[in-house]
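Q: The primary structure of each chain is shown beneath.
Number of protein chains: 2
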Amino acid sequence: MIINKISSVKKNPVTDEKAANVEIQIPIGVDEGSEKIIMRLFTIKPKGYSPLHTHNYEHLVKVESGKGIVVSSEGETQISEGDFVFVLPNELHQFKNPYDEEFKFICVIPRVL
Amino acid sequence: MIINKISSVKKNPVTDEKAANVEIQIPIGVDEGSEKIIMRLFTIKPKGYSPLHTHNYEHLVKVESGKGIVVSSEGETQISEGDFVFVLPNELHQFKNPYDEEFKFICVIPRVL
Chain R
940 MIINKISSVK KNPVTDEKAA NVEIQIPIGV DEGSEKIIMR LFTIKPKGYS PLHTHNYEHL
1000 VKVESGKGIV VSSEGETQIS EGDFVFVLPN ELHQFKNPYD EEFKFICVIP RVL
Chain S
940 MIINKISSVK KNPVTDEKAA NVEIQIPIGV DEGSEKIIMR LFTIKPKGYS PLHTHNYEHL
1000 VKVESGKGIV VSSEGETQIS EGDFVFVLPN ELHQFKNPYD EEFKFICVIP RVL
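Protein sequences appear in the order of chains R and S.
Just so we're on the same page, the working numbering is the position in the first sequence counted from 1, plus 939.
Just so we're on the same page, the working numbering is the position in the second sequence counted from 1, plus 939.
Don't take every hint at face value.
Same chains, same label: a pair holds when it works inside one copy or across any pair of copies.
[Said to hold, decoys possible] Capping the alpha-carbon separation at 27 Å, the derived lysine-lysine pairs in DSSO-like fashion look like this:
| id | residue 1 | residue 2 |
| --- | --- | --- |
| 1 | Lys975 | Lys986 |
| 2 | Lys957 | Lys1006 |
| 3 | Lys1006 | Lys950 |
| 4 | Lys944 | Lys1043 |
| 5 | Lys1043 | Lys957 |
| 6 | Lys1035 | Lys1006 |
It is worth saying that the hints were derived from the structure and are not from the lab.
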């Protein structure tokens, strides 16, 4: 059993050139011995955004704090604390923060590497 | 893409006879089309506990609110908001709430049924 406090988990910028002002922490991942599932925490700063993209694996998202916009092929939806988002494999998606406070969410994925 | 507000997700008691005062919600699961990973939210009321047990799949846990005790073969650890717990497959574990307020945590598992 491994217990990680989020305050001790390294925070790195997301370097994807189609992202801006996004940071990632991985409180439960390969380093903790998780072989099938990875739990990440993203922080999108004001005016930041993740890439508008698709990939062949799903996202299970839970908003932690702040509010943001999730983009799909059907448009934009505001999400905030207490909202869960399931993004299907190969579904277009993006997370944006046009607001003035940080937008934080958990994003769980299958281990893909 | 499916967006679920936690307030609209049905809450059911955990009926395991070795559990007490535990409720479960499944904001992202089979009903949402998630084929590999299930995201559950547990609420353990004061004096409640989950079973002390093992199973052949992992848990990825994030404490949402309140505080509780996680039990492993090595003893008991208090956990609270901002803590993440990775329980390995086949590892003994239990979650308990000896405190006076509700203890809530996300628990992600691979789809096992």
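Q: Each of the hints needs a verdict: does it hold here or not?
A: Hint check:
no. : hint               : result
1   : Lys975 to Lys986   : neither (33 Å within a copy, 33 Å between copies)
2   : Lys957 to Lys1006  : within (21 Å within a copy, 39 Å between copies)
3   : Lys1006 to Lys950  : both (20 Å within a copy, 24 Å between copies)
4   : Lys944 to Lys1043  : both (16 Å within a copy, 16 Å between copies)
5   : Lys1043 to Lys957  : within (19 Å within a copy, 35 Å between copies)
6   : Lys1035 to Lys1006 : within (9 Å within a copy, 31 Å between copies)
Violated hint: 1 only; the structure is consistent with all others.
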